[in-house]
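Chain A is fixed; fit chain B onto it per the hints.
Number of protein chains: 2
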Amino acid sequence: MFDIRPKLTSRIELGGSDVVEQMFAAARDPELISFGAGVPAPDLLPVEAMSRATVRAFQTFGATMLNYDGSYGLQPLRHYIATQRLAGLNIQASADDICILSGSQQGLDLIARLFLNDGDSIIVEAPTYPGAINTFAPFHPRYITVGMDAEGMKMDELEAALRANPDTKFIYTVPDYQNPSGITMSLERRRKLVALARQYGVLIVEDSPYCELGFDNEKMPAIRSLDDNGLVIHLGSFSKILSPGVRIGWVCAQADIIKLFRRAKEAADFQSCTTTQYMLLQYLQDNDLDQLIKNNNRVYRERRDACVDALADSMPGNVRFTRPDGGFFCWLTVDGVNTSELLMRAIQTARIAYVPGESAFANGGDHNTIRLSFSQKEPHEIKDGIHRLAELLK
Amino acid sequence: MFDIRPKLTSRIELGGSDVVEQMFAAARDPELISFGAGVPAPDLLPVEAMSRATVRAFQTFGATMLNYDGSYGLQPLRHYIATQRLAGLNIQASADDICILSGSQQGLDLIARLFLNDGDSIIVEAPTYPGAINTFAPFHPRYITVGMDAEGMKMDELEAALRANPDTKFIYTVPDYQNPSGITMSLERRRKLVALARQYGVLIVEDSPYCELGFDNEKMPAIRSLDDNGLVIHLGSFSKILSPGVRIGWVCAQADIIKLFRRAKEAADFQSCTTTQYMLLQYLQDNDLDQLIKNNNRVYRERRDACVDALADSMPGNVRFTRPDGGFFCWLTVDGVNTSELLMRAIQTARIAYVPGESAFANGGDHNTIRLSFSQKEPHEIKDGIHRLAELLK
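So the sequence lines, in the order shown, correspond to chains A and B. Every letter in the first sequence is one number past the one before it in full-length UniProt numbering, and letter 22, counting from 1, is 22. Every letter in the second sequence is one number past the one before it in full-length UniProt numbering, and letter 156, counting from 1, is 156.
Chain A with its partners taken away, still in its complex shape (with noise of 0.2 Å):
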């Protein structure tokens, strides 16, 4: 068989783990309670609003359903995000400040071949989402990371890296219930935010695909909505309020952003999905998607209780864990454990499954801490599975 290594480019490393789809396959094992995948609960999906949905999206739409479209995304479906899901975080915006993705996690991507040339910095939480660090990295940046404290990014810390590092390309924040940590940055530290990157003349990536995920009905003005100099691209999805499977996202930005955009998204994978674009159209018009968002922030709610309740009865002295306003995630800090040599362990014998947090942190280290996702269970499951976790670790 051909060698391919000699042809590779050197942006890839072989080896390195398939963290995420272990953690597929995991949460395909009905023996066991994962904790892992932060995916929305199966239950919660409108499959039957969907299917309708779509009839009637094809009797509307026709052969425009299954044809190209362009690189924008569909007119009507951007005008929706701008009004309806934008203007909630007070974002002022239109059609034509939105390009279509698939899913945000495109959006990373496209940021990362439109900004990175190789070792360039950018200043990233600690911990920050792992699917970023993936996505970066073949790009091959510097990570300048900054701590967090429950009002998320210390801003001290924030303004000494940009100190040191004014030829900065951006600010990597996911600032609402934080992929990892279920951390929220509070509105002072996000005014803080925009009026740094304004001095130091940094760009800011927000990534808000669980921003509509708040437990209290109380949402924070996006960082986008805080700046009125273009310097925020602006990262918002589906696939946590509605659907991950459609694969539909979108970036909002300043204009020169969004064109660029466009040329990269040609270039990447031509266009978003025609026809999921147009089910969500029909979905989006024959459905109330807030209240939908509503009743399903119950339920999540519901299990994060479980999850910290269940953490508060049983965890041993050495764990400390956040208690989320929102989203998906739990954070545990267990002091003296490697908790990704652990794992093999807890899938073996506890027979559960969870993300190490490792991956999270762009410059290594901390081995001694876990993401928690508790989306897709029950409560009981829930409190099954932290007791077994609290076993295992004492």
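Keep in mind the hints are simulated off the structure, nothing from the lab. Backbone N, C-alpha and C define an ideal beta-carbon position, used for all residues, glycine too. Since no wrong hints were added, every one of them can be taken at face value.
A partial selection of chain A residues facing chain B, derived with a Cβ cut-off under 7 Å:
| id | residue |
| --- | --- |
| 1 | LYS7 |
| 2 | PHE58 |
| 3 | SER102 |
Structure of chain B alone, referenced to chain A:
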């Protein structure tokens, strides 16, 4: 407004044309006869069958259709592709040899990401698919172009190119009813291509979205079927035979390459659309795609005939054209005319649109060629349009 230019990667070239968007816009103008976009005929897309299949799919697969699945793509769909589509091209493959992509366009992008460093040499046909040039461009390859005749890539030129550039990363070819020239590579040349690639230790990228669109019910064996050494990366797609809007294509290659594709795919957009993968799966179970392709090819054949007959009837003596045995495209050479400069007059005065061939030459030059797509129009419109083009050229 914040000036993003200092932040951009050196891979970006600002400016540049939006010829694809222009072609889509032209196609929407009902007054205009567009030979621009290479798009299936809307009336041949199976709207009702797909709508019925979707309802059944939602009944059968439920919430699974709306959730994440994984980066390889659905196993049963990969099995179908291996046994039903690739087997017809003589390719021996199983589901494990395949990764689902968001159209075969994404395959080009992932290949560039996996194999190209700045300045790496790749060999492409002259002319070649403009979308490939667009996708490879940010990776700054050094293009070596090889001319074509009626049997495809000229093998003596290819051999000379390989001898002069033994470090070539891959040879890129669209062997079937090529976009843009309509030319099909002969079996003898396919064998020679594989022998040369093996001799020089170079990969082959076989980009074959049109391979099943032959007008004579003959299928040429895929280049991948002629190699048993893992040299060939084969790209295919449902876009031209069933629906481009579902955005489902595939790559078939040796195991090491498929593993790398999966990782690159996860970083790029996590996975292709779960929803349309299940829709296709159900459609393919309930319907006879081979029969649909056969029926559609009869229609495309009539349109090819209308196009070629009208060209023969009306074109002045300085025009030569190809007679494709399948696919969507005729290729014109117009001695002494700059077809890029002529396009505005074609649109505004003659009320027709085409793709100037210039964009199909990786190293520039050749301003005197035209790609005509005959797939979307009825024979009488095609004749009308060709006569208008002939008047313009006279």
